[in-house]
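Two chains, two frames, some hints: make the complex.
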Amino acid sequence: MAATEISPLDRNGMAARCARDIPEGWLVNLGIGIPTLVADFVPQEREVIFHAENGVIGVGPAPAADKVNPYLINASTTHVTLRTGGSYVHHADSFAIARGGHLDLCVLGAFEVAENGDIANWARSADEPVKQVGGAMDLAIGAKRLWVVMEHTTKDGESRLRHRCSYPLTAKAVVKRVYTNLAVLDVTPQGFVVLDMIRGLTLDALQAHTEAKLFAHGEGGQR
Amino acid sequence: MIDKFVHSMADAMAGISDGSTILLGGFGDVGIPTPLLNGLIEQGARDLTIVVVAGGRDGSAIEQLLSLGRVRKMICSFVRPASLAGRLLQRGELEVEIVPQGTMAERMRAAGAGITGFYTPTGADTLLAEGRETREIGGKLCLLEYPLPGDVALIEAWRADRWGNLLYRDSARNFNPVMAMAATLTIAMTRNVAALGEIAPEEVVTPGIFVHRVLHVPA
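Chains A and B, in that order, give the protein sequences. Taking the working numbering, I'd label the letters of the first sequence as residues 1 to 223. Taking the working numbering, I'd label the letters of the second sequence as residues 224 to 442.
Source of the hints: derived by calculation from the structure; they are not laboratory data. Be aware that a few hints might be false.
[Claimed, not checked] Just a few of them, taken from the derived set where beta-carbon distance is under 8 Å, the chain A residues facing chain B:
id: 1; residue: Leu72
id: 2; residue: His91
id: 3; residue: Gly101
id: 4; residue: His102
id: 5; residue: Pro129
id: 6; residue: Ile141
The beta carbon of each residue, even a glycine, is placed where N, CA and C say it ideally should be.
In isolation and in its complexed conformation, chain B is listed as follows (with noise of 0.2 Å):
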């Protein structure tokens, strides 16, 4: 029998090694499985690379995992100055890779789907491309982008079940689907848990078979 519950948050962790691309969900507050980065802060994997669509905001559980000194780089989109990864940045003690948001979208997606690199106008005319890869491709200027796979998603679904089948709610669902296809091990937290086949297969956003390890977290 496929089942892919676990049923402590030690074990949802259990594996996850030091210099590991981390890939997690989430845009703003929402579709952000805060349980599970509070599961890896305790499980203690350092020397982390994260991939996040902004540098977290004050008092999140980014900014504690940052402050425990515990990520090497940060793959993003965007940081708030104001932010501890910002002054960690401006202090050079973090890396910070600045990447426009579809681009780390597709990067992604490319990880998941097998393409080995794409070429894309987004930022091929600005200081982004700057020493890069460009090309132009139907009289447009292009930018070479290379896949952006990871090691772990951690990912928050809304509903379940044993297969891994996952459904998300609303805007919940932004970067999660992406990132489960992306990783070696994608491990989702879900809110709700359903009976194999209570979820209608119309209704499955990422199939169970892109997800290894699934903890019911209870809203």
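Excised from the complex, chain A in its bound form (with noise of 0.2 Å):
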């Protein structure tokens, strides 16, 4: 980053702009990483119900250090409480949730994404001999609706936002919109659109992070 004057998200800031996207009423699943602190930013007067893979419908906030159900944990094995009106189902049930298109979002991180919507999230090469693929490929095919929260570039600059993913795919042409610690960019047949950048960012100094080609949405407005 050249410019002085401008401050990426951190991952709290991140998780918040993702989280002012999303209005009441929609059955959520949150990946593990950045995407799990969402929940935080949503508030509790605004009724999202939040999915968690294994069997958790309704997943609430993190309990009180003395009121915590070891019972209870959500898909990063961390503990939750259950808010009001929520249910548990068995892990066949709950995967049914997220492949039959029940879910009217999924929020997951990703290594990269591609202009096309392909997400790569579950290995860093098709060598690898350990590999960790998890519910990640279930979820993305299965979504109404797929968000990715990521860094824009790796700790090295390279540009998470390709042309298409070097890494092996967790599913293809899924993604709809993309939110980074720079800007927040819908997947369109077109490519990536741009629809926010953080303040101070314009369109060209954010291309020259990005591998894909950004095209600018409407006027390109900054918030």
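Laid out in structure tokens, this is it:
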């Protein structure tokens, strides 16, 4: 980042920005990592139902230290609460929810997203001996909308928004929107369309950090 | 009188043979029947195939089973590189089949439901599909998956009665009901015992017809 006047969002900032766009009434699955933080930024009075793939419908906030229920965890295996109205299902039904198109939204982390909506988030190379697929493939193909929250670039400054993914795919042509520490982008038939950027950033500056071609949205409004 | 309660770990584990496929319930530390797994270690069966969501963290009973060289193959959705399973895999000392988590659950459901195969879009566009049968259905590329039955399921319940009717606590339900239906021999441990009829019919999650042995292991 050459310009000193811009401040990229931190993990909480990205999660908060994503949370702003989740309307009341949606059934939402949050992936491991930054996506899990999104729930913290949805106010309790906005009734969003969070699904965890280990069979929890209506995941609530973390419990107080003295109110931990050892039998109640989310997909990241951290202790959670259940909202009033919540329920439990077994794993096959939980993934029927994911695969069967019942989730309004799934938010996942990723290594890379391509301009055609491909997502790579489970392996860094095809030769990697130890693989960790978890439930990402089921969630990615099944949700009505898939959003990704991730850093715009790797620690080495490589763009994570690609013309085509270089890592093994999790699913093809499924990502609808990406929230990064620099911008919000929609995946459209045209490619990545920039909806929003952090204050002080220009489309040209964002493009300089992005391998995929970016397109401006309407007036390219900055917020 | 039907009474599925057994009164010792040895009775619970009786007859599990070498080469068995063991479905192991639980997710994270919740719903894992660790006492039964310790019983299996004691019982001595080897050359096992273990079906479990994840490869087992340090200090877990799964890790102990692995360290004793009793597991030939693990079918799971992820293995941590730093875990014993990850190290055994990298040294070529453990066969691992990585299955997307939802596919794993559905393959067991299919086994219990008499479904001999199904097509799913999960993983169809990925390297997990290489060399396998796919077909396009309704405009989506789908992958053929086969059932995943077990010789034995080891599961954890919260309450059980003598017919083997089970109820689970909170998110400890996870894989347990599906595994109960997918195994030839389902062995449940329960934290609490209920008299027959005490668990309301509407509250029974796994009907006792899917459960063969129940061992009371107080919390």
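Tested hints:
A least Cβ separation of about 4 Å between A:Leu72 and chain B falls short of the 8 Å threshold, and the interface hint therefore holds. A cut of 8 Å between beta carbons decides the hint on A:His91: the least distance to chain B is about 4 Å, and the hint holds. For A:Gly101, the interface hint is violated, the least distance from its beta-carbon to any beta-carbon of chain B being 11 Å, above 8 Å. Checking A:His102 against chain B: minimum C-beta separation of about 12 Å lies over 8 Å; hint violated.
At a threshold of 8 Å, the smallest CB-CB gap from A:Pro129 to chain B is about 5 Å, leaving the interface hint in force. Interface hint status for A:Ile141: upheld, as the beta-carbon distance to the closest one in chain B is roughly 5 Å, under 8 Å.
Hint compliance for this structure: hints 3, 4 are not met, and every other hint is.
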